[in-house]
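Please arrange chain B on chain A, whose structure you already have, making use of the hints.
There are 2 protein chains.
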Amino acid sequence: MPYKIIKKEEFDKVRYHEGDWELRMRLYAEMCRYNTLVAVKKAGSGHLGSSFSSLDIVAYLYLNELNVLNVGWENDNRDIYFSSKGHDVPGLYSFLHSVGILPEEKLLKLRRLNGLDGHPEVRIPGIEASTGSLGMGISKGKGMAWAKKYKKCGGNVYVLTGDGEFQEGQIWESLQAAAHQRIDNLIAVMDHNKYQTDMLVSEVNNIEDVTEKVKAFGWHVIRINGHDFKELKRAFSEIKEVKDKPKMIIADTIKGRGVSFMEKPVTETVSGKTYYKWHSGAPDNDSYVKGLKELSDSIRKLAAALNIEIEIPENTPEEKVSFKSSKEFVTDAFGDALVELAKNNPAIIVLDGDLSADCKLRKFEYAYPERFIENGIAEQDMVSTAGGLARMGLIPVVNSFASFLAARANEQIYNNAGEKTKIIYVCHFAGIIPAGPGKSHQSIRDIALLGNLPNITIIQPCNAFETKKAVEYCINEANENCALRLVIGPSPRNIELPDNYQFRIGIGTELTEGDDAVIFAYGPVMLHEALTASEILKKSGFGLKVVNMPWLNKIDLDWIAAITDKYKKIYVLEDHSATGGLGDRILDALAAVHHFKGKLFEKIGLNDYPECGAPEEVLKYHELDGLSLAGRISGYRNLVEKRGENFYSSEAPQ
Amino acid sequence: MPYKIIKKEEFDKVRYHEGDWELRMRLYAEMCRYNTLVAVKKAGSGHLGSSFSSLDIVAYLYLNELNVLNVGWENDNRDIYFSSKGHDVPGLYSFLHSVGILPEEKLLKLRRLNGLDGHPEVRIPGIEASTGSLGMGISKGKGMAWAKKYKKCGGNVYVLTGDGEFQEGQIWESLQAAAHQRIDNLIAVMDHNKYQTDMLVSEVNNIEDVTEKVKAFGWHVIRINGHDFKELKRAFSEIKEVKDKPKMIIADTIKGRGVSFMEKPVTETVSGKTYYKWHSGAPDNDSYVKGLKELSDSIRKLAAALNIEIEIPENTPEEKVSFKSSKEFVTDAFGDALVELAKNNPAIIVLDGDLSADCKLRKFEYAYPERFIENGIAEQDMVSTAGGLARMGLIPVVNSFASFLAARANEQIYNNAGEKTKIIYVCHFAGIIPAGPGKSHQSIRDIALLGNLPNITIIQPCNAFETKKAVEYCINEANENCALRLVIGPSPRNIELPDNYQFRIGIGTELTEGDDAVIFAYGPVMLHEALTASEILKKSGFGLKVVNMPWLNKIDLDWIAAITDKYKKIYVLEDHSATGGLGDRILDALAAVHHFKGKLFEKIGLNDYPECGAPEEVLKYHELDGLSLAGRISGYRNLVEKRGENFYSSEAPQ
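Chain order of the listed sequences is A and B.
Residue 134 is where the first sequence starts when you use the numbering used here, and the numbers rise one by one after that.
Residue 134 is where the second sequence starts when you use the numbering used here, and the numbers rise one by one after that.
Mixed in with the good hints there might be a few duds.
To be verified - Computed footprint of chain A on chain B, listed as stretches where at least three residues anywhere in the stretch have a Cβ under 8 Å from a Cβ of chain A:
hint	region
1	295-305
2	719-727
What the hints assert, rightly or not - Distance ranges between label pairs, derived from CB positions:
hint	chain 1	residue 1	chain 2	residue 2	range
3	B	K701	A	K701	15 to 25 Å
4	A	R315	B	W692	14 to 24 Å
5	B	G526	A	E610	22 to 32 Å
6	A	K701	B	D698	35 to 45 Å
7	A	N612	B	V726	57 to 67 Å
8	A	E610	B	A695	13 to 23 Å
9	B	T407	A	N612	45 to 55 Å
Unchecked claim - Restricting the straight-line Cα-Cα distance to at most 30 Å, the calculated cross-link-like pairs of lysine-lysine (DSS-like) are:
hint	chain 1	residue 1	chain 2	residue 2
10	A	K553	B	K239
11	B	K702	A	K702
12	A	K378	B	K434
13	A	K687	B	K702
14	A	K702	B	K555
15	A	K476	B	K284
16	B	K476	A	K282
17	B	K285	A	K476
18	A	K140	A	K434
19	A	K348	B	K496
20	B	K699	A	K730
21	A	K753	B	K239
22	B	K284	A	K285
23	A	K601	B	K239
24	B	K730	A	K284
25	A	K701	B	K701
26	A	K406	B	K378
27	B	K687	A	K284
28	A	K285	B	K496
29	B	K284	A	K496
30	A	K702	B	K397
31	B	K553	A	K406
32	A	K378	B	K732
33	B	K699	A	K701
34	A	K406	B	K284
35	A	K730	B	K687
36	B	K730	A	K348
37	B	K284	A	K687
38	A	K239	B	K553
39	B	K730	A	K699
40	B	K555	A	K285
Rather than coming from a laboratory, the hints here were simulated on the basis of the structure.
A virtual CB, placed ideally from N, CA and C, is assigned to each residue, including glycine.
Next comes chain A alone, as it looks inside the complex (with noise of 0.2 Å):
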């Protein structure tokens, strides 16, 4: 195997060893570094620019200030600690390693089924709390802290946060009632590592003087050096002196500590900005392999000090082996045609919450600086901003991940929708892939969470050229809301359109022949599923037809009418959960145009949390990678069987 990392026997040499505290700290905190390195470039994703910022705290806090290493998880006595942002988990993941609580081959299995989800998720030994999504965990620490008082528990709960997440007004509100409330068993830390995503939190929307604010919200706050672990000692040792209200300690700290080229922004060669790039990604082989030597350096230097030898594995990066897929990304196709179209329409204004890269949306922000509010991370306040530009007649287009955008901004897309006017809302990252973000970012609810809307289009394309006719309808031609789902990775697949292919409302386009059954499915990655179970299955002589059905909310009667007449089967697959998807949509389309007589009706898609993994995996696990919709479609368990599993053994098809 060539993923190796430094073993747990080797952090209890550091651990429990004698010599300088100060230089223990540092030196364990470096080894957790370096695994959390090769665990980031194993899965192939992953924080490491905060997990390195956050590690020193981390290290400090299990080691020297939480009873909970002594008395155990199940303790009610324990200190709690859990990070707010959650991005930082890789680097806590390899902590917990390093003291015994998850083994070697789980952190080795980051982002990977049955592994270590991409974000924090309470199944997971060690873990008090899921986040991934911002701002929510004062407030979960307020809920913790006053039950502990409550049931008369000892122990203080400490919640890490970034600084970014101080965008969200959760914070705020958390900061307010937690300091009325005088919760003063919770400790908040604040890593404040400068960044958020890839530019400073000064750039995108500047949270300071955090200092201040906080303290004018009651409470007690000490600014420190989050490297310093003396600084660290003599911060948490002056807070618990505070009585009546509750503890901030605002740690400054360097994303990507550890790592010198990490630690740095890069100037982009094409547009001349700076930028921050090691936020989430995998680093290349090259900087892998030259992060691992600053690493191994670094350690070795701190041991040598302490008179420890620390064995060190050898680490050599191999190919990475990725999804299989296009060269197509459908997002690049959706900031294409945003910047074509605002060419001529000075009405088009974007907007976006911190993800602008990962949006594709940089083109319009360096062609249109003047027509781009970057919001930070406020998506209730970009999504009513919003609502103030269309009422004044600009054509707002709205940008972050669908998982965020749809439910955390949801009562402020109604307020703004009861308005009658026109925003496009983008949900990116739609869908179950890729899944290695875990549930957190992973969309399975945003159709149901916009769909009964009264004057919403939700549209998921599934090329990139329906993409640019979707944009294209959203500005031009529709007199309503609407929600564009894009999928945020690259397209499986280019689905093939034909050529008499047509961009009408409620009209969705067959892609396949097949007279056994119909399946209508969305976007790439799931129209790339359906139509492999469509190649598998013509093998056995079973004519599958898919149908690509981008209108997710309006379905045109006589459409639906005529194409499902001859089949006794219909399918529905959704990249989202199976209900308030498309499937429901099209139930009721069916049923209105009494449609049933006889026909076995199905909705296929997700009835659970989506689970965190590849997205192979993952869709395997769901049952919704191609060979197992052919298995239930067709009923051929052999077809199953053929990959050697008995897949189906907790359910058989119907």
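Relative to chain A, chain B alone:
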């Protein structure tokens, strides 16, 4: 007509008078207060307290600062004013009447169909933004202000806010972003009247020192007496000089200003606690007469000082004609059940979002103060706090209005649910009735917003007895999250349950016999309409079976198969949007049991935004009243024509 208001002509006398400016301002505002009181009394509900506290500011702004009365609402260079809290809209309507924007007959149709919505609504002349749910206004104003700059339009944007809504996180998001973006044509004015609903802001969740806080967020802040017109003038002229940052005037005001007994809280005889009683609701006849008298006296005195004669109409109160209803409130049964269950279950913790009285939590609050968390208007924080409590083994019962709880805190509910704890979300004010507050408050989306969480049971009980059963089920039996949907008003009738009634998951109760069609409904409001339809139809020999189905997302397949077997016509009546409610789940179940052969299936619910008005007129407007239902189900047009109007003119019954 017993309700008469001061006419526009009288206001003109004051507005165009040459006498002392301050006296004229005071007089004008008092006259607006008079009309506000009449309008609210006629409406039977409305927010007097904050209408009165804000009216000096409103009158000052329109008559002195805003250019909109001169340039008109169509002018892009107009100054824009709107209220973020929106509760104060009766006062604003009165002002808009005084300057001829709203005719007298409209003002006297407050909270009625085709009248004036209970919260601001952009379709009404002079209303710039739909508001009513708290905390969105500064964000929306920021969008408008940004658009003004982008479009190179003149004019400022003035947003009035409450003080309680500074507990909402979105406020702080918007303050931070507006300062960062240097939006200097945005002016917020806080109507700091100290009370939120019926308690002091400082007791519920203190926002002080709010001046310090807002300053720390980078705004220019001036704090003044909001009833002193000279101070208002001075403050607004000072802030005009401030460039490059947004500005806020914190105006200390008195809730209920203008009527002596509305300016003071009242000590309850039973509890001995002090509450503010004039937040919402119409005054009784005595208070109405006394209030009018005080305002008339004040008007006469000020007019005399100016040598103006103001014609004040005579107003005598009439008996309020109210919605036919029983004495039953399911919320009472809920509150009582909670108190009862808490006796033997110390794990029950009740959380409230400043709606304790409306949600009937006061009994619990008094009985178990140590288990009651009043969290103020901060739904996201409340929900995540509940998440923390649940992780500590407690059973949080989270209360707010359905439209706020399910939408505003949606992502937090998802996050909690992912931790697989059990939390009970009590969605008060569920459904369409009462319709007076308007669409910010009526909840027609909550079932859809919660329904596709993988681990939630949604229940809406039909009467007090079933409510008790439902609460017991949620607390004692459910092993997943529960959402309890409760109608907030009195039950139109006592729904009688049969002797053999059982509360069993997934199974409803047959309330009537009938062979011609079956209708599933839930909750006291819609079951009353379904039963009324059944009674009407019975006279024509049409048998409609009414089934009470409190389990909104759990359907027992055997039960639904058996109960629908013999019917050719199946209806589901929603107290909700027709999309995403019980109907979708029943349709799912019918599809699963292949139960469609030759059957008609219809979901009857809202397909548009809910209208504002009296219960009967709104139900009739949406064709959800018993008579409309009877016509629709039977196809007997004559039933509908009986009531002497062509109700189905736009759409004939199927």
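Taking the hints in turn, this is what the structure says about them:
no., hint, in the structure
1, 295-305, "holds (count 6)"
2, 719-727, "holds (count 4)"
3, B:K701 / A:K701: 15 to 25 Å, "holds, 22 Å"
4, A:R315 / B:W692: 14 to 24 Å, "violated, 51 Å"
5, B:G526 / A:E610: 22 to 32 Å, "violated, 54 Å"
6, A:K701 / B:D698: 35 to 45 Å, "violated, 22 Å"
7, A:N612 / B:V726: 57 to 67 Å, "violated, 40 Å"
8, A:E610 / B:A695: 13 to 23 Å, "violated, 48 Å"
9, B:T407 / A:N612: 45 to 55 Å, "holds, 52 Å"
10, A:K553 / B:K239, "holds, 22 Å"
11, B:K702 / A:K702, "holds, 24 Å"
12, A:K378 / B:K434, "violated, 51 Å"
13, A:K687 / B:K702, "holds, 25 Å"
14, A:K702 / B:K555, "violated, 38 Å"
15, A:K476 / B:K284, "holds, 16 Å"
16, B:K476 / A:K282, "holds, 20 Å"
17, B:K285 / A:K476, "holds, 19 Å"
18, A:K140 / A:K434, "holds, 18 Å"
19, A:K348 / B:K496, "violated, 36 Å"
20, B:K699 / A:K730, "holds, 16 Å"
21, A:K753 / B:K239, "violated, 61 Å"
22, B:K284 / A:K285, "violated, 59 Å"
23, A:K601 / B:K239, "violated, 47 Å"
24, B:K730 / A:K284, "violated, 57 Å"
25, A:K701 / B:K701, "holds, 22 Å"
26, A:K406 / B:K378, "holds, 26 Å"
27, B:K687 / A:K284, "violated, 34 Å"
28, A:K285 / B:K496, "holds, 25 Å"
29, B:K284 / A:K496, "holds, 22 Å"
30, A:K702 / B:K397, "violated, 68 Å"
31, B:K553 / A:K406, "violated, 44 Å"
32, A:K378 / B:K732, "violated, 64 Å"
33, B:K699 / A:K701, "holds, 23 Å"
34, A:K406 / B:K284, "holds, 28 Å"
35, A:K730 / B:K687, "holds, 25 Å"
36, B:K730 / A:K348, "violated, 67 Å"
37, B:K284 / A:K687, "violated, 34 Å"
38, A:K239 / B:K553, "holds, 22 Å"
39, B:K730 / A:K699, "holds, 16 Å"
40, B:K555 / A:K285, "holds, 21 Å"
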